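Listed below, chain by chain, are the residues.
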Amino acid sequence: MATILVVVLGGYVVAAVLSEPVGPPIGIPGVVGVRPLSGWVGADTAVPFEGAPSFQLTRGNGNLIVSVLEPYRDDPATLADAYRGFLSNRLSQLSVSSTLEPIRLRSGQVGVRFTYIGVAADSGTSVEGEVTVLVTPSGHGIVFNGWAPAGLLSFVRSDVRTMVAEAEVT
Amino acid sequence: MIAPTPRRHRSPLHDGSLFQPRRPAFWVYAAIMIATGIVSVGQQSLFRQISPSGWALSWALLALYALPVLFLVYVLDLYEREPLSLVLGALLWGAVAATTLSGFANDGWGLVVARVGGPEFAARWTAALTAPFVEETLKGLGVVMIYLIAPDEFDDMMDGFVYGAVCGLGFAVVEDVFYFMGVFGGHPNGVLQGFFVRVVASGLYSHVLYSGLVGMGIGYFVSRRDRQPLARRVLVLAGLSAAAVLGHFLWNSPLLDLFPSRPWSGMDLLMIPVATAVKGLPLLGFATLAVVLARRRERRWLRGALADEVGGPGISADELGILSQPRRRRAAVAEMRTRAGSRAAGLLRRLQREQVNLAMIRSKVAADDDPALLEQRAYCGSIRDALRAIPGAAPADAASAAADAGPRDR
Chain A
6 MATILVVVLG GYVVAAVLSE PVGPPIGIPG VVGVRPLSGW VGADTAVPFE GAPSFQLTRG
66 NGNLIVSVLE PYRDDPATLA DAYRGFLSNR LSQLSVSSTL EPIRLRSGQV GVRFTYIGVA
126 ADSGTSVEGE VTVLVTPSGH GIVFNGWAPA GLLSFVRSDV RTMVAEAEVT
Chain B
1338 MIAPTPRRHR SPLHDGSLFQ PRRPAFWVYA AIMIATGIVS VGQQSLFRQI SPSGWALSWA
1398 LLALYALPVL FLVYVLDLYE REPLSLVLGA LLWGAVAATT LSGFANDGWG LVVARVGGPE
1458 FAARWTAALT APFVEETLKG LGVVMIYLIA PDEFDDMMDG FVYGAVCGLG FAVVEDVFYF
1518 MGVFGGHPNG VLQGFFVRVV ASGLYSHVLY SGLVGMGIGY FVSRRDRQPL ARRVLVLAGL
1578 SAAAVLGHFL WNSPLLDLFP SRPWSGMDLL MIPVATAVKG LPLLGFATLA VVLARRRERR
1638 WLRGALADEV GGPGISADEL GILSQPRRRR AAVAEMRTRA GSRAAGLLRR LQREQVNLAM
1698 IRSKVAADDD PALLEQRAYC GSIRDALRAI PGAAPADAAS AAADAGPRDR
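In order, the protein sequence lines correspond to chains A and B. For the first sequence, the positions run 6 to 175 when this note's numbering is used. For the second sequence, the positions run 1338 to 1747 when this note's numbering is used.
To be clear, the hints were calculated from the coordinates, so they are not data collected in a lab. Every value quoted in this text rests on a predicted model; they were computed, and no experiment measured them. Ideal placement from N, C-alpha and C gives every residue a C-beta, glycine not left out. Certain hints may be false.
[As the list claims (entries may be wrong)] Just a few of them, taken from the derived set where beta-carbon distance is under 8 angstroms, the chain B residues facing chain A:
| id | residue |
| --- | --- |
| 1 | Ala1442 |
| 2 | Trp1446 |
| 3 | Leu1448 |
| 4 | Val1453 |
| 5 | Gly1455 |
| 6 | Ala1464 |
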């Protein structure tokens, strides 16, 4: 039984130990901060969403772009819809998950999540991503877009979810 | 007067069945099977909903592959067929418990690989760095579980090989269904393509081999406690397990990868069996060699164990000559059927089986006059008497006149 427990659960335990945040939070002061896990570093944001302030973390081909709309008065579902529109301008053959999955950050903020896959119009590369959207009581719309080339998202999804779940949202 | 057929008896040295409520291992096995079975049934139900025809075709095709392999593995053990309930228990462990637990475990250790190596490295190496260790351990634990439930059924390496290979077969079948439905699309055309890639081109090299080797190591470790030092038993178990893990690692790794990329055209379809052979043939050769050596060892063991019994009531020299060669055993039974009918053939087969049991008892008891040994000798003698009483059966048995002369003083 002990061997089974070690084999089945050991990976999760070791991965959790290895997933400790390193360094100070990166983000937009007073609104949102993300503490990068080991291996993740800040990078320049390629194309911001509706000209909104943004920042990006990257690890190899894995990326997390965070954009903040201010002020934002609608609900998360509407913001998610707007971000889908943004993606459809950037990606051809875009396919988006049909439902919005409700999620809750460790800070207590609630939001919605959807996934997508498409082909980058400029490079022709297939990409897949997972978008988490929330609207803060202070009137900020925040979009977390974790993405990677097709086939690689599954290898960064855990990191992205950890960083999003533990994001410091004011 | 025809002698009455001796009543069947089970050797006191064998447990014989999966259902051993007095052994804690049985309840652990049952609990794990129930828990993982719920998950496994849920997954199959989902596959069935996604594509009923593809799902049914998957199972039908895999039955065509699995049933002959199961039979082949089952009869590989020359002298003693393992109890069916235990064989099925190993098969179900591989199909249900090992696959379900491996799914969780591979995901967990995959996170570690991604964390340590990054996404690009993980995409290339996760399958090689997780599955061989996780899956061989969990399938091997199935063999250990069978051993803990019925320890006396593990008499030699080949017993471990049978349970291990059958466990691997169960694993391979369920994993193939997963691939047919999840990777090859689940529609009938995709299932057929998956069947070609994973069974026709790769079926010889899969989990049956890996787990067979691990099982062989476990069989050696547990059956040689009285004859080999611990260090040597650990070495053999570790060596065979390492060979299985290494073969599995090579199979899953990007090394020596000649596999054509999709979509496949005519030439690619020819290249697929070549690509799988490059990765799989070395381990197949190693496993074949291991089985041949184990069978030779088994034959030597049988002759050695029965050497002191020859001429006694249990077995004659000619009977031993026939018994130690499976082909001659089958020929003798067939010839008996032609000459004296099915009942005589059945009795001869039973005599042979009990003579193998005699060898096992002989090798396990210390005293020459151990009650179990005396009982088994007498039992073999009574079967022989019953056989000779059948009209037409005696001539084939005439050569065992030495045994007729009566029991030696033991």
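So, going through the hints one by one against the coordinates:
1. Ala1442: This hint holds: Ala1442/B lies near chain A, its Cβ roughly 4 angstroms from the closest one there, short of 8 angstroms.
2. Trp1446: holds, 4 angstroms
3. Leu1448: holds, 4 angstroms
4. Val1453: Result: holds, 7 angstroms to nearest chain A Cβ.
5. Gly1455: Status holds, d = 4 angstroms.
6. Ala1464: violated, 12 angstroms
Of the numbered hints given earlier, the model fails hint 6 alone.
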